[in-house]
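Add chain P to chain C, keeping to what the hints say.
Protein chains: 2
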Amino acid sequence: MHDVIVIGGGPAGASASIYLQRSKLDVLLIMKDHGTLEKTGHIDNYWGFSDTMDGKELVIKGLEQAKRLGVQIKEEEVLDIEKDLFGEHKFTVKTDKETYEGKTVLLATGQSKPNLRVKGFKEYTGKGISFCAICDGFIYRNKKIGVVGNKKFMSEELETLSNFTKDITIFTDANELTVDVGDYKVCHGKITEIKGDEVINQVITENNTYDVDALFIAMGTPSANDFALRMGAIIDKNNIVVDDKHMTNIEGLFAAGDCIGGLLQIAKAVSDGAHAALAINKYVRAL
Amino acid sequence: MHDVIVIGGGPAGASASIYLQRSKLDVLLIMKDHGTLEKTGHIDNYWGFSDTMDGKELVIKGLEQAKRLGVQIKEEEVLDIEKDLFGEHKFTVKTDKETYEGKTVLLATGQSKPNLRVKGFKEYTGKGISFCAICDGFIYRNKKIGVVGNKKFMSEELETLSNFTKDITIFTDANELTVDVGDYKVCHGKITEIKGDEVINQVITENNTYDVDALFIAMGTPSANDFALRMGAIIDKNNIVVDDKHMTNIEGLFAAGDCIGGLLQIAKAVSDGAHAALAINKYVRAL
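Chains as they are written, first to last, in my numbering: chain C, 1375 to 1661; chain P, 1375 to 1661.
Isolated chain C, as found in the complex:
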């Protein structure tokens, strides 16, 4: 079992890994891609570089640095994180290739991607629009459920929801469906509006109108927020809430960088990583 599993290889995740490794903990860093910096061409304001830096190049340098200092890095996609139900200090992290165990987990996957940008989305969030099948699925037993998504993440949510109802429609929001969804109805149109009264009751696409009692969002791949939410962590305005030790309300689950909000700058994410690492080191050594 690893001491820490760090999820995310950007400034916060790599910075934390470097500090954790140097404090002689067993660290595993799991990363999917180079995050938002991958598309950031010119970085001038991160101290210590006399020339303009390319975002992706900087992330790669940070990972090389972590690797040089001994951090184990896996380029895999995290699909699920579970905390041991019996109160053990153990998290199980399932990726598209393997399953790993860690005493603690640090979420450092950057800012949560924007969700559906359509009329009614904000209005009905929490009023029938949900981001977590395991949290809210049971409310809609035998009701009409819509689920938005096109990848593995969606099909995992679908599987959970299928325990509660068979009346499920998948909305790909005009993205290519990359998973097998069996006999479920699929709407391939772009979503244009969400309607309702007190609560949601319709999803409007460019071609059609669908009645729903609930709409579950599972677009793209799960974000740090999605994992955090599933474990019962408190989220405030799309940011994971942490204490001054970077720990969420879930014991042993830490978060750093853009996913906890604040200044969305490399400098802040790197500093977050260092602070979180020191807190995790203390925490693990006291277990």
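If you are wondering where the hints come from, they were derived from the structure by calculation, not from laboratory data.
This structure is a prediction, so every number in the text was calculated from the model and none was measured.
Incorrect hints may have been included.
For chains that are exact copies, the list does not tell them apart, and a pair is met inside one copy or across any two.
[What the hints assert, rightly or not] Taking lysine-lysine pairs in the DSSO-like style, the calculated list, with each CA pair at most 27 Å apart, reads: (1) K1518 <-> K1441; (2) K1406 <-> K1435; (3) K1435 <-> K1471; (4) K1398 <-> K1413; (5) K1406 <-> K1457; (6) K1457 <-> K1656; (7) K1656 <-> K1611.
Chain P only, in chain C's frame:
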């Protein structure tokens, strides 16, 4: 008049200057040397560098970066900072070469250097040992005063103290005296102990014993803490106290990096600089 005068060219000061310059403020950075990093050979834990970095090299890169983005940099030694007494938003910064004016000042001069490491020093700090002639000199009118130091900073304190008493002894603590001190008594020996009862009453050197009612410390060159103290800023356990906007209790006087305490790491200082810069930008634009 500059919008901001940043004092200190290390991670916090340069990072802040870069952000301030990019927010189109008129920034002047004044620095004396490369600070504590000058002597730090191997830096491995600041994110973004695949190879080990040399501290001084890193500081120089940060300054080149600031310069490239348009920050004006002066290599001068700050001797005094004064806030306008009539409530104007104006600070006057006096260096060994020039006098500058700024609407705000950011102190980023690193951690305050250790003071006298002798028996009794801690015990009598605040009990006759003082760090500010302007703050405490008047208490010792016509008393026996010692002043510790060997440079310009000491002679400035001496000038202030001479308004209150003529019975002053200068202790160089075995450092070379680089300023003219006229007819004042000078003790060139190494200080070995501070003695007293309720309050200080003796300075012991390797060769002699001196009776004093007070001892003013003005060793080397003034630190951020020394400036802050003189302006009435609150210092706690050797750290300058700032609010969540990095402002001290003195309106318009900000501080960032090691001098405000917390994690003494580059990552934290750089992040401090970014945060302070954003707060200063808001503050200056609202003046």
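Here is what the structure says about each hint:
1. K1518 <-> K1441: neither (49 Å within a copy, 61 Å between copies)
2. K1406 <-> K1435: within (16 Å within a copy, 31 Å between copies)
3. K1435 <-> K1471: within (25 Å within a copy, 41 Å between copies)
4. K1398 <-> K1413: between (33 Å within a copy, 25 Å between copies)
5. K1406 <-> K1457: Answer is within; shortest intra-copy Cα gap is 21 Å, inter-copy 52 Å.
6. K1457 <-> K1656: within (20 Å within a copy, 43 Å between copies)
7. K1656 <-> K1611: Between copies, since 23 Å is at most 27 Å while 29 Å is not.
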